[in-house]
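Chemist: Going down the list, the sequences are from chains H and U.
FYI, in my numbering the residues of the first sequence are 140 to 312.
FYI, in my numbering the residues of the second sequence are 395 to 618.
Be careful, since some hints might not be right.
As the list claims (entries may be wrong) - Think about it this way: if two alpha-carbon atoms lie no more than 30 Å apart in a straight line, the pair counts; the simulated BS3-like pairs of lysine-lysine are:
hint	chain 1	residue 1	chain 2	residue 2
1	U	K576	H	K291
2	H	K225	U	K578
3	H	K225	U	K555
4	U	K576	U	K617
5	H	K225	U	K576
Derived from the structure by calculation, the hints contain no laboratory data.
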Amino acid sequence: MVTANKEAIYNSAIEGDIVVTRLDAVINWIRANSIWPMPMGLACCGIELMAAGGARFDISRFGAEVMRFSPRQSDCMIVAGTVTYKMAPHIRRIYDQMASPKWVIAMGACASTGGMYRSYATMQGVDRILPVDVYISGCPPRPEAVLDALVKMQDKIGRERSGGRLFKEENKG
Amino acid sequence: MSAANTTATTSAAAGSAIIAALHESFSQIADKITPRASADHPAVNVPAADAVAVLTHLRDVRGYDMLADLTAIDWAEGASPRFTVVWHLLSTERAPGAYLRVAADCASDTEPEMPSVAAIWPVANWHERETFDMFGIVFTGHPDLRRILMWDGYPHYPLRKEFPLAGIEGELPDPEVAGETKTKVIPAPMAGGPFVASSGGELNLSEAEPRAKDESWNERTQKN
Numbered sequence: 140m141v142t143a144n145k146e147a148i149y150n151s152a153i154e155g156d157i158v159v160t161r162l163d164a165v166i167n168w169i170r171a172n173s174i175w176p177m178p179m180g181l182a183c184c185g186i187e188l189m190a191a192g193g194a195r196f197d198i199s200r201f202g203a204e205v206m207r208f209s210p211r212q213s214d215c216m217i218v219a220g221t222v223t224y225k226m227a228p229h230i231r232r233i234y235d236q237m238a239s240p241k242w243v244i245a246m247g248a249c250a251s252t253g254g255m256y257r258s259y260a261t262m263q264g265v266d267r268i269l270p271v272d273v274y275i276s277g278c279p280p281r282p283e284a285v286l287d288a289l290v291k292m293q294d295k296i297g298r299e300r301s302g303g304r305l306f307k308e309e310n311k312g
Numbered sequence: 395m396s397a398a399n400t401t402a403t404t405s406a407a408a409g410s411a412i413i414a415a416l417h418e419s420f421s422q423i424a425d426k427i428t429p430r431a432s433a434d435h436p437a438v439n440v441p442a443a444d445a446v447a448v449l450t451h452l453r454d455v456r457g458y459d460m461l462a463d464l465t466a467i468d469w470a471e472g473a474s475p476r477f478t479v480v481w482h483l484l485s486t487e488r489a490p491g492a493y494l495r496v497a498a499d500c501a502s503d504t505e506p507e508m509p510s511v512a513a514i515w516p517v518a519n520w521h522e523r524e525t526f527d528m529f530g531i532v533f534t535g536h537p538d539l540r541r542i543l544m545w546d547g548y549p550h551y552p553l554r555k556e557f558p559l560a561g562i563e564g565e566l567p568d569p570e571v572a573g574e575t576k577t578k579v580i581p582a583p584m585a586g587g588p589f590v591a592s593s594g595g596e597l598n599l600s601e602a603e604p605r606a607k608d609e610s611w612n613e614r615t616q617k618n
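Bound conformation, chain H alone (with noise of 0.2 Å):
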């Protein structure tokens, strides 16, 4: 790496074995680079979130490709597509099988708002059940703006203090 500022780089001359940082920094780091995503697929976002996880756009340039269909086995549930009534509160338990800490991206108009199904049978958006961290915009979002709701939920986690999530109940309710 070449800087001017010979100071701020780590000089295994100087200090050895020994690198000193915040824990914070060390946990968050560890945690925002190997995200394992919940696939909530409900509608044709679900095929956008697919596309982001193939090799074309390949979501696992950014340690999130270890997507689990499992609530047990993961930490961020991404909620692609209609959330309908009759849906959601089965949504809102498998979240609740998460294991903290965890994190909720809404993906789409849909999953944010409720999008263009304004009616009696689409619950106008999934912060109403879940606390979600990004919302991600379009109809559906194409997969590069999924990685940059990745990237952007990763700045977030780096300004989490780690204890944080473990034991607060994060939900809104």
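Given the structure of chain H, go ahead and fit chain U onto it with the hints provided.
Modeler: Chain U in isolation, oriented as in the chain H frame:
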């Protein structure tokens, strides 16, 4: 003459032929089997009590072997008869496109009932569940008449005329989740949102859904 007129003429001839055939086979209720106004395919009114017998006859003897659709009409509160069930029959044996619409009025306007044809056409099973779900028409003799789109315990029938498009406030299907999240089923008026198409002069506003254009209220502002 135009193709449309020719089709209409052929359809009218086919319609009177099938009605004559039904009158012959069901002579005791012939006065209740009447032609039904239709812009395209032949259509016939039958009495609800004999609907299954007529439909079975049409399937087994007249060659209308396929139930293409099953739905209902709500003629709005105050109308009598209020509910009409419609069966769309298609023949795969007769001339191509031999299509027949059969309609029967429900006797009761408050608790509509209709005999089930699920035993004749298995496909009617889910169609009747949907019609029950949306209109509240009970299909007697149906093997498993549960709601198919809305959840069990939903108190309304959304395709009835008095039901507003925005919906009616109510409880979530799961009381435990409802208690935890303090969330309810809330009405969602269209309110000219980003997904509402502008009429642009092409849409006849007098025929458009008026409730969808009502921008006077939303979730934050109460309806007057």
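Chemist: Which numbered conditions among the earlier hints are violated in the structure presented, ordered from lowest to highest?
Modeler: none
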